[in-house]
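J.: For chain A, the structure is supplied; the task is to place chains B, C and D on it using the hints.
4 protein chains.
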Amino acid sequence: MMSMEKTIIKYKKGLKLNDPVLIVGLPGIGNVGKLVAEHLIREFKAERIATVYSPHFPHEVFMMKNGCLRLVSNRFYLIKRKGKQDIVVLTGDAQAISPEGQYEVSHKIVKFFKEKLNGSFIYTIGGYNVSGSVVASPKVFGNATSKKTIADFAKDDVLFGKAHTVIIGAAGLMLAFAKMEKIEGVCLMGESTFFDMDPAAAKAVLQMLTKRLGMKIDTTHMDAMIKKTAKTLKELEKQLSGTAQIPAPGSEGLKPSYIR
Amino acid sequence: MMSMEKTIIKYKKGLKLNDPVLIVGLPGIGNVGKLVAEHLIREFKAERIATVYSPHFPHEVFMMKNGCLRLVSNRFYLIKRKGKQDIVVLTGDAQAISPEGQYEVSHKIVKFFKEKLNGSFIYTIGGYNVSGSVVASPKVFGNATSKKTIADFAKDDVLFGKAHTVIIGAAGLMLAFAKMEKIEGVCLMGESTFFDMDPAAAKAVLQMLTKRLGMKIDTTHMDAMIKKTAKTLKELEKQLSGTAQIPAPGSEGLKPSYIR
Amino acid sequence: MMSMEKTIIKYKKGLKLNDPVLIVGLPGIGNVGKLVAEHLIREFKAERIATVYSPHFPHEVFMMKNGCLRLVSNRFYLIKRKGKQDIVVLTGDAQAISPEGQYEVSHKIVKFFKEKLNGSFIYTIGGYNVSGSVVASPKVFGNATSKKTIADFAKDDVLFGKAHTVIIGAAGLMLAFAKMEKIEGVCLMGESTFFDMDPAAAKAVLQMLTKRLGMKIDTTHMDAMIKKTAKTLKELEKQLSGTAQIPAPGSEGLKPSYIR
Amino acid sequence: MMSMEKTIIKYKKGLKLNDPVLIVGLPGIGNVGKLVAEHLIREFKAERIATVYSPHFPHEVFMMKNGCLRLVSNRFYLIKRKGKQDIVVLTGDAQAISPEGQYEVSHKIVKFFKEKLNGSFIYTIGGYNVSGSVVASPKVFGNATSKKTIADFAKDDVLFGKAHTVIIGAAGLMLAFAKMEKIEGVCLMGESTFFDMDPAAAKAVLQMLTKRLGMKIDTTHMDAMIKKTAKTLKELEKQLSGTAQIPAPGSEGLKPSYIR
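In order, the protein sequence lines correspond to chains A, B, C and D.
Residues in the first sequence are numbered from 8 upward in steps of one, following the numbering used here.
Residues in the second sequence are numbered from 8 upward in steps of one, following the numbering used here.
Residues in the third sequence are numbered from 8 upward in steps of one, following the numbering used here.
Residues in the fourth sequence are numbered from 8 upward in steps of one, following the numbering used here.
With the rest of the complex left out, here is chain A (with noise of 0.2 Å):
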């Protein structure tokens, strides 16, 4: 019987990847990676091929609506492809609790990544806050590995050096611990207006990643959930009219979503 002292991750053995990716969308600002995640691993119809299961996440399990119960994890996905690099999503229900579980943990998964499944790119995807009002059409921030790999965005208007203050969490950790394991990789980052939900940040960012991967991907239904996010934004701000102190909407999102 194995422990549960230590972040475990299991597999489904014999996996055969043709030099993956990884694309890492876990519960962070504006929820913009596990949006983006989720709507590849939805439209791809992703085969789920391991879990991460930690000490370091909530101590919590998951009622599911069929009765079961599931306990808090973190899951890869496979995008299978004919002739072109696989795609691994990685995405999940919370992420570490503490700063060390956050460290055991994004390094663990560096470490499958690399050792297990062979691959040797990695993109975070993440939100960036930025305050004011909403943005239109969102810019995507971009921190690189290296200026090579920094270079090789930059073509495809990734905004490199224009965003400051740190990345907190796995997205962040991921990257520094791929540098240390000389593999490359990028973090993605919409521009995001402190909402808990920001489906409009993620479509940019899911843009411009499956262009850069060369996927073609049907965005309806992230369409269908920026119209309704708008639509609740303007029945808030209309509520809120002639209040003199207006909270910004989805403010208690400031809270990292990333503990949950």
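Think of the hints as simulated: they come from the structure by calculation, not from any bench.
Please read these numbers as outputs of a predicted model, since none were measured by experiment.
Do not take every clue at face value.
The list makes no distinction among identical chains, and a pair is therefore deemed to hold if it is satisfied within one copy or across any two copies.
Said to hold, decoys possible - Computed list of lysine to any residue pairs in SDA-like fashion (alpha-carbon distance at most 20 Å, straight line):
id, residue 1, residue 2
1, K154, F69
2, K19, K189
3, K91, L220
4, K13, K118
5, K121, D164
6, K189, M71
7, K115, P65
8, K169, L22
9, K17, M187
10, K72, S153
11, K91, F160
12, K52, I224
13, K52, Q214
14, K115, I16
15, K238, D163
16, K72, K146
17, K19, I48
18, K20, L247
19, K118, I15
20, K245, I224
21, K121, K169
T.: Frame of chain A, contents of chains B, C and D only:
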């Protein structure tokens, strides 16, 4: 001398159990689990067979009435039955404090039950918070490790797929670990209205559980608790009538009691 | 070079003790334990024989009057007695901060006392909070590892079974571990009224303890502290008379001082 | 692939240092240590020779101006000197977050300095908070590992035994571990009035330190910072004059900055 850096389980050697089931009733919402466990132990004069100590429990000892002291623990009790499956009841003073501790303690308990007691089915008992006024006959909600087990229990009026969100703590984690270890289990949650102590919710689960296991049980003691709780509640309402801001009775119970 | 990832105990080699008893007086309620320990060390000019360092103690060093510095620690001191059991006194700057740290430090200390010093009886000293006004002659409450030890101490006016709830921290944990390791012990708690410093409670325990161990002790120093505390209290009461909301003197002491 | 579960130090192989001294300047009170370290590194164009990563540091990466990213770290820099002791400067983005992390990181750094760099004297630099108005020429307070070192530094106007209470974090712990490992060291603390950034306090320490080590240093850059800070302070006072409740300038600096 053993170490106190990890969770340890001390147990009676030479136990021979007949295909035991485990009933887990620890402190939690409405204290439902603990009330059920303690009632079973009292009524069947169950014998203590194992004790769990952990550095993840609160760093406290209890001052006992006889002047002795007792370290915070979880404890296994045995109800031997002729010609039927034996019943092992787990209860205790507290759940682990940290997420990491919750994973370690719950996993070691499941492992102990499977490997040392040769058990193969786990019941975890909890409360399920519903807001609003007190219910006359609390429902029992359920979540299980497999569809087969759900089908089996749905016959007994356990409501599957009707409760949502998450199960926090041991009642959920132990079933997740049971599933990982290929044993079955169900979480039975009594509908509870935020009391620190909800003996009515506990009785609802107790009745379903004992019927299921073919046990006859005297509920006199629990009925007395229900009456007492109802009386306390009425007095509280009387005192508070006329007050603008009425605190929900036992609203401090909103803080999950598993963290004491 | 040793590691600082775990609690370590550095001790004088070649010690030959005569069946020693351990008296534990660490920071805690009313600082009772520490006051007793420091009084014994001062009056008997006890020699330091061991030092406990732990990553679970606060990450601090003390600036000493002579310009040197000293890491937070717990310290063992020896009182050699001719023809009688030797006495080892443990005191220190702080208790461990986390529950896990409390378990580790307390367990290592008991193990060290049993295995390296060959001791077989532990006294832990603490305060027992009682609300209300200051008591003229504080009682001494006790909890012990066995009925035999209770019977032995009840003769000496220690009140067993009269104090309830829990003992938080080292004074309780060390006795729980003593019991696990088949050695005996008693926790003596001076009745205390929420002072940060309660020398009156400390004196009550000190007198019982020294009588028990057949030691003559000069309490002049402690008597001076009692007078000084009483004087401070009276001045405080004078200043506060007429104030609507009188803070309990030393009410910040409600925060258990073992976490500094 | 190395593990990220413990603190690791990556260093340049084949270094041959001449009896080096270590100067530790990490984030802390008034940021005094970090200002001193960064000034030394800038003025002497010191070369980075080692990097410390730790799961006890914040789980963050920095977005760099060139679009790359950098994991939170502490870093060793070398100042080679002809015919004199070499100087190693340690600075970084943060100190460890938890007490356990502080012990682990500080201990590993001292061990690395002694065993890998063969060093035998450590300077740690910090700020010493004094309340009240800004001082014209900040004093330098000191604490050392031995009376011999105190005597040696007291000649240079370092004030020993005048500062009290505790040194929290790496500046204190590293000297405690130096003492345990039989190497010497001194903590030099610039008198600081609660600024987040106190370049005047830093300059006071810098001058004493460079005089002591026989280094000539250009303080133009630091002088500019002192002027700028003084100007900001005056503007702040002007804005606040007439206000009933004047917040202490930089009073948020009361939160020790080593926890960022």
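J.: With reference to the structure, classify each hint as holding or not holding.
T.: A quick look at each hint next to the structure:
For a Cα distance limit of 20 Å, the shortest separation of K154 from F69 across copies, 15 Å, qualifies, whereas the shortest one inside one copy, 42 Å, does not. In this assembly of identical chains, the alpha carbons of K19 and K189 lie at most 20 Å apart only when taken from different copies (17 Å versus 26 Å within one copy). Taking CA atoms no more than 20 Å apart as the test, K91 paired with L220 passes inside one copy only; the shortest distance there is 9 Å, against 57 Å between copies. With identical chains, the CA atoms of K13 and K118 are at most 20 Å apart both within one copy (15 Å) and between copies (16 Å).
In this assembly of identical chains, the alpha carbons of K121 and D164 never lie at most 20 Å apart, being 28 Å within a copy and 49 Å across copies at closest. In the homo-oligomer, the alpha carbons of K189 and M71 lie at most 20 Å apart only across protomers (19 Å), although the nearest pairing inside one protomer, at 40 Å, exceeds that limit. For a Cα distance limit of 20 Å, the shortest separation of K115 from P65 qualifies both inside one copy, at 18 Å, and across copies, at 18 Å. In this assembly of identical chains, K169 and L22 lie within 20 Å of each other by CA distance neither inside one copy nor across copies; the values are 39 Å within and 38 Å between.
Taking the shortest Cα distances, K17 and M187 sit within 20 Å of each other only across copies (11 Å), while inside one copy they are farther apart (24 Å). In this assembly of identical chains, K72 and S153 lie within 20 Å of each other by CA distance solely across copies; the values are 13 Å between and 45 Å within a copy. Within a single copy, K91 and F160 get their C-alpha atoms as close as 19 Å, which meets the 20 Å cut-off; across copies the closest is 48 Å, which misses it. In this homomeric assembly, K52 and I224 come within 20 Å of each other (Cα to Cα) only inside a single copy, at 12 Å, whereas the closest approach across copies is 51 Å.
When the C-alpha separation of K52 and Q214 is checked against a cutoff of 20 Å, the pair qualifies only within one copy, where the shortest distance is 18 Å, while the shortest distance between copies is 45 Å. Taking the shortest Cα distances, K115 and I16 sit within 20 Å of each other both inside one copy (8 Å) and across copies (19 Å). Taking the closest pair of Cα atoms, K238 and D163 never come within 20 Å of each other, the shortest separation being 31 Å inside a single copy and 44 Å across copies. Proximity of K72 and K146 under a CA criterion of 20 Å is satisfied inter-copy only: 17 Å between copies versus 37 Å inside one chain copy.
For the identical chains of this complex, K19 and I48 are intra-copy neighbours only, at 17 Å inside a copy versus 44 Å across copies, given an alpha-carbon limit of 20 Å. For a Cα distance limit of 20 Å, the shortest separation of K20 from L247 qualifies neither inside one copy, at 55 Å, nor across copies, at 63 Å. For the homomeric pair K118 and I15, the shortest alpha-carbon distances inside one copy (12 Å) and between copies (17 Å) are both at most 20 Å. For the homomeric pair K245 and I224, neither the shortest alpha-carbon distance inside one copy (35 Å) nor that between copies (59 Å) is at most 20 Å.
Taking the shortest alpha-carbon separations for K121 and K169, neither the intra-copy value of 30 Å nor the inter-copy value of 42 Å comes in at or below 20 Å.
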